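Participant: Listed below, chain by chain, are the residues.
There are 2 protein chains.
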Amino acid sequence: MTNDSGSETPGQPLSVDELSDRLRSRGLRVTGPRLVVYNTLAKQGGHRSADEVAAAITAAGPSLPRTSVYNALKALVDAGLADVVDAGPGTTLYEVRGESHHHFICRQCNALLDVPTEESVNGSLYSELPGARVESAQVILRGLCPDCAARPTARA
Amino acid sequence: MTNDSGSETPGQPLSVDELSDRLRSRGLRVTGPRLVVYNTLAKQGGHRSADEVAAAITAAGPSLPRTSVYNALKALVDAGLADVVDAGPGTTLYEVRGESHHHFICRQCNALLDVPTEESVNGSLYSELPGARVESAQVILRGLCPDCAARPTARA
DNA sequence: TCCAAATTTTGAATCTGTACAAATAATACC
DNA sequence: GGTATTATTTGTACAGATTCAAAATTTGGA
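Taken in order, these protein sequences are the chains called A and B.
Counting in the numbering used here, the first sequence runs from 1 upward without gaps.
Counting in the numbering used here, the second sequence runs from 1 upward without gaps.
Don't read these hints as lab results, they were simulated from the structure.
Careful: at least some of the hints might be erroneous.
[Claimed, not checked] Partner residues aside, some chain B positions facing chain A, computed with beta carbon under 10 Å: (1) 13; (2) 139; (3) 144.
[What the hints assert, rightly or not] Negatives, chain B to chain A, calculated, CB over 12 Å: (4) 17; (5) 25; (6) 31; (7) 33; (8) 36; (9) 55; (10) 59; (11) 61; (12) 63; (13) 92; (14) 107; (15) 130; (16) 138.
[Stated by the list, open to error] Between beta-carbon pairs, the in silico distance windows are: (17) 136(B) to 59(A): 50 to 60 Å; (18) 29(A) to 30(B): 50 to 60 Å; (19) 58(B) to 26(A): 19 to 29 Å; (20) 60(B) to 131(A): 50 to 60 Å; (21) 30(B) to 43(A): 49 to 59 Å; (22) 63(B) to 150(A): 21 to 31 Å; (23) 63(B) to 90(A): 42 to 52 Å; (24) 74(A) to 21(B): 38 to 48 Å; (25) 31(A) to 43(B): 42 to 52 Å; (26) 21(B) to 28(A): 53 to 63 Å; (27) 77(A) to 13(B): 33 to 43 Å; (28) 109(A) to 110(B): 46 to 56 Å; (29) 58(A) to 62(B): 22 to 32 Å.
Please read these numbers as outputs of a predicted model, since none were measured by experiment.
Ideal Cβ placement from N, Cα and C applies to all residues, glycine included.
Let the sequences and hints guide you as you build the complete structure.
Facilitator: Quick look at the structure:
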């Protein structure tokens, strides 16, 4: 699976102070694992699985139990500091919260690309469910990525 | 997990003949498991996991091996008779192919609701990735469902 | 500094989905 | 209809991802 975890979203990561404030403001404590996981995810950029984050942390020295990585990621998502990437069923991928964007998944090479959000589109997505409080919208585009589309081997 | 598999998509299911034709036209054979799985999924309506389908089949009498349900579901998806629901990472959910629609996931009760597609929105999603061949677009809305939004216990 | 509650840690259990190989059933063709 | 050819079905085994329970630590506030 070419998980192309490369395609990054700019939006500079938060400082430790900002990070701490965000956590506390949601009633969450500021802990080592949470800071390490956030910073690692931010440094890696793109879309990462819990295991990728754990591996990166281990590679950097300390090593954090897998369960702790899961816990920390959940806390970060709760605090709105990271997002679960909607890329279909399967392994859960996370990304540091930054500019709003959508995702494109290539059906041939499985590349996962970020797609900038057109405000106009994004706005119109919020008014379709009466009574509901829609807080976010993610769009999953599927098809052939530029590379695969250009390649003659592309299956129709 | 209140998986609200209830919200159904109209679009009446196909008859055995239509079903058979669709399968054969894709080079797939018409088999018992495929018909049972399709009919069960259609009768249940909404979004179902492989295990839910298996359980429903067992409850109805015959019982089909887990693996067979997975195989059948994959065949149905290949034949375009069913779709994998884009509802974020986790257990794969399937639904009988019907009217195009998107999904709303409640962050509090995990209800999964269908959202009618506005053609205008759907159309504008296809032109954002130069070079790519976009074949489909799914929108996942997240927030609080009407019920949870109305309830005072809703977390901000 | 001290305490109560929130988190982290460990290790194991679960839950999903997939891989394989043998047995079976669906088509194509005679 | 009868039969050869192959796609499918089955059953079992496995691998990976995520969750759980209980004990050990930490955090934030009194």
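Participant: For every hint, state whether the structure bears it out.
Facilitator: The hints, checked one at a time:
no., hint, result
1, 13, "23 Å, violated"
2, 139, "5 Å, holds"
3, 144, "4 Å, holds"
4, 17, "27 Å, holds"
5, 25, "15 Å, holds"
6, 31, "24 Å, holds"
7, 33, "21 Å, holds"
8, 36, "23 Å, holds"
9, 55, "19 Å, holds"
10, 59, "24 Å, holds"
11, 61, "29 Å, holds"
12, 63, "25 Å, holds"
13, 92, "4 Å, violated"
14, 107, "7 Å, violated"
15, 130, "7 Å, violated"
16, 138, "5 Å, violated"
17, 136(B) to 59(A): 50 to 60 Å, "37 Å, violated"
18, 29(A) to 30(B): 50 to 60 Å, "58 Å, holds"
19, 58(B) to 26(A): 19 to 29 Å, "43 Å, violated"
20, 60(B) to 131(A): 50 to 60 Å, "35 Å, violated"
21, 30(B) to 43(A): 49 to 59 Å, "53 Å, holds"
22, 63(B) to 150(A): 21 to 31 Å, "48 Å, violated"
23, 63(B) to 90(A): 42 to 52 Å, "28 Å, violated"
24, 74(A) to 21(B): 38 to 48 Å, "47 Å, holds"
25, 31(A) to 43(B): 42 to 52 Å, "48 Å, holds"
26, 21(B) to 28(A): 53 to 63 Å, "56 Å, holds"
27, 77(A) to 13(B): 33 to 43 Å, "37 Å, holds"
28, 109(A) to 110(B): 46 to 56 Å, "32 Å, violated"
29, 58(A) to 62(B): 22 to 32 Å, "49 Å, violated"
In this structure, the earlier hints numbered 1, 13, 14, 15, 16, 17, 19, 20, 22, 23, 28 and 29 are contradicted, and the remaining ones agree with it.
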